[in-house]
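Given these sequences and hints, build the entire structure.
Protein chains: 2
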Amino acid sequence: MATVTVRNGVDVSALLETIEAIKAKPELASFTFRARTIWQDGTSAAAEIGSFLHAGMQDETREQPFTLVGDEPPVLLGHNKGPNAVELLLAALGFCYSVGYVANAAARGIEIEEMSYEIEGDIDLRNFLGISDDVRPGFGEIRAKATVRAPGANEQELKELCTYVQDTSPVKDVLANAVPVKTTIEVIEAS
Amino acid sequence: MATVTVRNGVDVSALLETIEAIKAKPELASFTFRARTIWQDGTSAAAEIGSFLHAGMQDETREQPFTLVGDEPPVLLGHNKGPNAVELLLAALGFCYSVGYVANAAARGIEIEEMSYEIEGDIDLRNFLGISDDVRPGFGEIRAKATVRAPGANEQELKELCTYVQDTSPVKDVLANAVPVKTTIEVIEAS
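Going down the list, the protein sequences come from chains A and B. The numbering used here puts the first sequence at residues 1 to 191. The numbering used here puts the second sequence at residues 1 to 191.
Wrong hints could be hidden among the right ones.
Since copy identity is lost for identical chains, a pair holds within one copy or between any two.
[Unchecked claim] EDC-like, lysine to aspartate or glutamate: derived pairs with alpha carbons at most 20 Å apart:
| hint | residue 1 | residue 2 |
| --- | --- | --- |
| 1 | Lys145 | Glu186 |
| 2 | Lys81 | Glu48 |
| 3 | Lys81 | Glu60 |
| 4 | Lys25 | Asp134 |
| 5 | Lys145 | Glu48 |
| 6 | Lys145 | Glu118 |
| 7 | Lys182 | Asp167 |
| 8 | Lys145 | Glu114 |
| 9 | Lys23 | Asp11 |
| 10 | Lys81 | Asp134 |
| 11 | Lys159 | Glu48 |
| 12 | Lys145 | Asp167 |
| 13 | Lys145 | Glu189 |
| 14 | Lys25 | Asp41 |
| 15 | Lys182 | Glu160 |
| 16 | Lys145 | Glu157 |
| 17 | Lys182 | Glu141 |
| 18 | Lys182 | Asp122 |
| 19 | Lys182 | Glu120 |
| 20 | Lys23 | Asp134 |
| 21 | Lys81 | Glu63 |
| 22 | Lys23 | Glu186 |
| 23 | Lys25 | Asp122 |
Since the hints were derived computationally from the structure, they do not count as laboratory data.
This is the structure:
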């Protein structure tokens with residue numbers, strides 16, 4: 001009897017091997033991810049996302065860094081050269097949930113045919129614009145709605161998996177709970 | 001005497017008009033931003049970021065949605081088709097800080113020649129991988145380092161502005177402080 005090792009495009013054997021390797025050597029679960037943004041003009045900047053540290057070693061599998069452009073829409077004084085920061089954050093939540101759902105489904109033997117997330121967040125920009133600090137700078141609430149088609153699974157297990165994915169999602173965690181953010185500045189030229 | 005209305009590529013007159021308009025009508029500061037992610041295969045998904053709500057009305061300035069692809073590196077069972085979710089989150093922080101710094105500098109009369117942010121975050125993926133819930137799922141710490149060149153400004157004001165931008169940054173806020181994230185699922189086909 002043939003063993004299915006790839007489900008939902010995820011190599012389940014490799015996933016289980018990774019998990020066993022980390023159980024034996026927990027430092028293999030440690031990563032330091034990075035991004036660099038370079039201001040372009042006005043509200044637009046470019047981002048580069050390249051190598052990262054895995055268990056203290058550089059991962060060199062990306063020959064070129066990924067690049068993306070951020071900007072604001074005209075109503076926020078930009079030129080729509082790219083999505084803005086808070087929109088990217090919502091996309092990051094969708095990506096995180098998606099990977100978690102599909103990979104865990106694969107491990108549990110659930111075949112997914114279709115999966116999407118609609119994410120939205122409400123924000124009052126008075127704080128950001130220096131008008132009022134009675135409102136918080138960021139989103140007051142974020143809502144995510146998953147849609148899944150998996151004819152071979154039962155509804156109960158698909159819902160239970162959604163809850164599990166929320167509880168283990170790195171992006172959900174850092175939104176729903178506080179993270180220390182340490183910001184420093186180097187002035188390379190001033191008067 | 002000519003009045004400078006554009007500084008650092010930011011239309012300062014338009015910025016001040018926007019602020020006055022919001023002071024008169026605070027609902028103009030309300031936005032609902034959105035992103036949609038569509039699972040592709042394995043750990044990869046596409047994101048679409050298009051229209052948003054501004055004061056309850058659809059902003060229609062984007063003719064096409066922005067699209068981006070997320071994926072994992074091979075060590076996390078992906079194929080490096082794009083950055084992963086937590087890397088995008090770091091880029092979002094850099095974009096947010098960048099807009100805040102450059103726009104506020106413009107309003108304060110500070111000309112910026114160069115501005116970048118290096119962002120990094122440490123994460124232990126044992127929780128995400130279902131190995132241990134003794135560690136949190138997300139970043140344990142995020143570090144951001146700004147580099148700025150502004151020959152006409154003094155170092156003290158550049159540093160003070162960095163602090164101000166942290167305190168008013170939407171993305172910094174939702175990382176450093178908790179946000180309610182409400183997640184639901186619609187099962188469109190199950191057994």
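Results of checking the hints against the structure:
With identical chains, the CA atoms of Lys145 and Glu186 are at most 20 Å apart between copies only, with a shortest distance of 7 Å across copies and 41 Å within one. In this assembly of identical chains, Lys81 and Glu48 lie within 20 Å of each other by CA distance both inside one copy and across copies; the values are 16 Å within and 14 Å between. Proximity of Lys81 to Glu60 under the C-alpha cut-off of 20 Å is restricted to the inter-copy arrangement: shortest distance 14 Å between copies versus 30 Å within a copy. Taking the closest pair of Cα atoms, Lys25 and Asp134 come within 20 Å of each other only across two copies (15 Å); inside a single copy the shortest separation is 48 Å, beyond that limit.
For a Cα distance limit of 20 Å, the shortest separation of Lys145 from Glu48 across copies, 15 Å, qualifies, whereas the shortest one inside one copy, 29 Å, does not. Taking CA atoms no more than 20 Å apart as the test, Lys145 paired with Glu118 passes inside one copy only; the shortest distance there is 5 Å, against 32 Å between copies. Within a single copy, Lys182 and Asp167 get their C-alpha atoms only as close as 25 Å, which misses the 20 Å cut-off; across copies the closest is 12 Å, which meets it. In this assembly of identical chains, the alpha carbons of Lys145 and Glu114 lie at most 20 Å apart only when taken from the same copy (14 Å versus 40 Å across copies).
In this homomeric assembly, Lys23 and Asp11 come within 20 Å of each other (Cα to Cα) only inside a single copy, at 19 Å, whereas the closest approach across copies is 55 Å. In this homomeric assembly, Lys81 and Asp134 never come within 20 Å of each other (Cα to Cα): the closest approach is 31 Å inside a single copy and 42 Å across copies. In this homomeric assembly, Lys159 and Glu48 never come within 20 Å of each other (Cα to Cα): the closest approach is 36 Å inside a single copy and 24 Å across copies. In this homomeric assembly, Lys145 and Asp167 come within 20 Å of each other (Cα to Cα) only inside a single copy, at 15 Å, whereas the closest approach across copies is 30 Å.
Taking CA atoms no more than 20 Å apart as the test, Lys145 paired with Glu189 passes between copies only; the shortest distance there is 16 Å, against 47 Å inside one copy. For a Cα distance limit of 20 Å, the shortest separation of Lys25 from Asp41 qualifies neither inside one copy, at 46 Å, nor across copies, at 29 Å. When the C-alpha separation of Lys182 and Glu160 is checked against a cutoff of 20 Å, the pair qualifies only between copies, where the shortest distance is 15 Å, while the shortest distance within a copy is 36 Å. In this assembly of identical chains, the alpha carbons of Lys145 and Glu157 lie at most 20 Å apart only when taken from the same copy (17 Å versus 43 Å across copies).
Taking identical chains as interchangeable, the C-alpha atoms of Lys182 and Glu141 lie at most 20 Å apart only when they sit on different chains, with a minimum of 8 Å there against 24 Å within one chain. Taking identical chains as interchangeable, the C-alpha atoms of Lys182 and Asp122 lie at most 20 Å apart only when they sit on different chains, with a minimum of 12 Å there against 25 Å within one chain. For a Cα distance limit of 20 Å, the shortest separation of Lys182 from Glu120 across copies, 10 Å, qualifies, whereas the shortest one inside one copy, 27 Å, does not. For the homomeric pair Lys23 and Asp134, the shortest alpha-carbon distance between copies (13 Å) is at most 20 Å, but the shortest distance inside one copy (47 Å) is not.
Taking the shortest alpha-carbon separations for Lys81 and Glu63, only the inter-copy value of 12 Å comes in at or below 20 Å, while the best intra-copy value is 25 Å. Taking identical chains as interchangeable, the C-alpha atoms of Lys23 and Glu186 are never at most 20 Å apart, the minima being 40 Å within one chain and 34 Å between chains. Taking the closest pair of Cα atoms, Lys25 and Asp122 come within 20 Å of each other only across two copies (17 Å); inside a single copy the shortest separation is 42 Å, beyond that limit.
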